[in-house]
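K.L.:
Chain A is fixed; fit chain B onto it per the hints.
2 protein chains.
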Amino acid sequence: MSSLNEYLEKCRVTVDATLDELLPSAKERPGSIHELMRYSMFAGGKRIRPALILAANEACGGSYGNKNACLAAASVEMLHTFSLIHDDLPCMDDDDFRRGRPTAHKAFNEGLAVLGGDALCIFAYEVLARTGNIAVITEMSKALGTSGMIGGQVVDIESEGKPVTLETVKYIHDNKTAALIRASIVIGAQLADADAATIAKLEEYGMAIGLAFQVIDDILDITSTTEVLGKDVGSDQERGKATWPALTSLEESKRYAHELTATAKSAVEFLGDKAVMLVGIADYLENRIV
Amino acid sequence: MSSLNEYLEKCRVTVDATLDELLPSAKERPGSIHELMRYSMFAGGKRIRPALILAANEACGGSYGNKNACLAAASVEMLHTFSLIHDDLPCMDDDDFRRGRPTAHKAFNEGLAVLGGDALCIFAYEVLARTGNIAVITEMSKALGTSGMIGGQVVDIESEGKPVTLETVKYIHDNKTAALIRASIVIGAQLADADAATIAKLEEYGMAIGLAFQVIDDILDITSTTEVLGKDVGSDQERGKATWPALTSLEESKRYAHELTATAKSAVEFLGDKAVMLVGIADYLENRIV
Chain A
894 MSSLNEYLEK CRVTVDATLD ELLPSAKERP GSIHELMRYS MFAGGKRIRP
944 ALILAANEAC GGSYGNKNAC LAAASVEMLH TFSLIHDDLP CMDDDDFRRG
994 RPTAHKAFNE GLAVLGGDAL CIFAYEVLAR TGNIAVITEM SKALGTSGMI
1044 GGQVVDIESE GKPVTLETVK YIHDNKTAAL IRASIVIGAQ LADADAATIA
1094 KLEEYGMAIG LAFQVIDDIL DITSTTEVLG KDVGSDQERG KATWPALTSL
1144 EESKRYAHEL TATAKSAVEF LGDKAVMLVG IADYLENRIV
Chain B
894 MSSLNEYLEK CRVTVDATLD ELLPSAKERP GSIHELMRYS MFAGGKRIRP
944 ALILAANEAC GGSYGNKNAC LAAASVEMLH TFSLIHDDLP CMDDDDFRRG
994 RPTAHKAFNE GLAVLGGDAL CIFAYEVLAR TGNIAVITEM SKALGTSGMI
1044 GGQVVDIESE GKPVTLETVK YIHDNKTAAL IRASIVIGAQ LADADAATIA
1094 KLEEYGMAIG LAFQVIDDIL DITSTTEVLG KDVGSDQERG KATWPALTSL
1144 EESKRYAHEL TATAKSAVEF LGDKAVMLVG IADYLENRIV
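Residue numbers (this note's numbering), protein chains in the order written: chain A, 894 to 1183; chain B, 894 to 1183.
To be clear, the hints were calculated from the coordinates, so they are not data collected in a lab.
Quick partial rundown of chain B residues pointing at chain A, CB under 10 Å, derived from the structure:
no., residue
1, GLU921
2, PRO923
3, ILE926
4, LEU972
5, PRO983
6, ASP1011
7, ILE1015
8, ALA1017
9, ALA1028
10, GLY1038
11, THR1039
12, ILE1043
13, ILE1050
Label pairs and their computed distance ranges (CB to CB):
no., chain 1, residue 1, chain 2, residue 2, range
14, B, TYR957, A, GLU1152, 54 to 62 Å
15, A, GLY1054, B, GLU902, 43 to 51 Å
16, A, GLY937, B, PHE1163, 53 to 61 Å
17, A, GLY924, B, ASN898, 39 to 47 Å
18, A, PHE990, B, GLY1054, 28 to 36 Å
19, A, GLU1152, B, ALA1093, 57 to 65 Å
20, B, TYR957, A, GLU1131, 52 to 60 Å
21, A, GLY937, B, ALA919, 37 to 45 Å
22, A, GLY1054, B, LYS939, 35 to 43 Å
23, A, ASP1086, B, GLY937, 43 to 51 Å
Virtual Cβ for every residue (Gly too), placed ideally from N, Cα, C.
For reference, chain A alone in the conformation it holds in the complex (with noise of 0.2 Å):
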């Protein structure tokens, strides 16, 4: 586990360094916008999409960090971070705090919180568009859209305080969380040239990890802390969110998690020793504790 922790650290520093270096300076007008899009983005994520990006793309041949998977990686960061500021407005989750800090409305205002969000997706694509690859734009757009994330965030939302079914909760976590760490897996992969079959592995990797994310995601607001997670705990239960323990059980949701986190495995275990990070990554997001 050591040399894992060592990666993703090695993967956060190259992906924070990439961002410092892409995202416009406060000092450029109109400075206020620039400050929430770097205020947003240095709050201290786990960098988790951008690693899956530099993982699946080194298992399939590229080198460490080359240009494309770091714009890449930048991109993807900047669009999940797009998706909670707008999660977090008082017309969504309206939620005050985010990793241990004030929301970015809450820290600016909600006009400017709509706008930075909005100015992030757009910036993703432009950095996107840098890597000349047509293929992972098309890849991204539909992860994100309303047959991905956003759809997922649709449904999510209609459906706080009412009766569910399994199938519903599965169908916001396949888009809602899946898609994006789905998508990531394979723009990485995409930008080493990997061939179609590989390709199809992957994605059976990243929907497996990606569902698991989500399940564990749910455990934790029942069984962690406001201090250890940085943000509210309980506020599933609370606002009657359509979740897998509250469908099933605590205990059938880790079996669960453990069961995708299996699968995720044993769909890489044809790249041999080139997969050892993608499993180490498996492993860590189920048994993760923030």
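P.N.:
Frame of chain A, contents of chain B only:
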């Protein structure tokens, strides 16, 4: 003028048909957001930006309504509408009506309006990627981001009710409005494989009509009526918005719009007969009453 009106009508029909074909049906899950996207897209817009893409593409030798030009035309209208939906939100301009109908957050709800705008932005990039042309994705992103449209929106909001210089008003106009109009022209030309010198002249045209467009908008907010415009008039003054007539005069604003229109027309003179629709659009935008 009648042939220009026919041309604009032909463009409107073309882009509406493309949008109708591209946009997910409200029957597709999640139905609510697809309904909002269609509600906002088919709200009777004039489709000026798509017409500029089609006209610039044709002026540079593209056949009318070729697939890539249509994709880009649909994309720019989605991006324009995305910006309007977010602009109308209570935390921004707080507008209840747009084109004579309730704005998206009034007809649906605020959360869905935020996500619907996001989804249009993302889908616009997916559609733009179908052209297979990376350069147009870069061009569009630069026009939309903090060095373009969003930058202009931020300074516009931050300048409300404050004393501003003519330089600031020009910054707002250049970015909030002219950048996307300029990009439409450039993208139309790029998709017809125009050379750099041609693109540079068209860019000059686009920037001039883009600025004129906003100056005329400011004038109409003073001289027109709510019935004719389909939105509240006098709202700029009420909000202490930074406008051209507020800092100069109605007369001077009209003179400036006329000068910009002349600049635009002279920039495309070298295209001869091929520029007839671009010249017509410049005149049309100067003389419009809505």
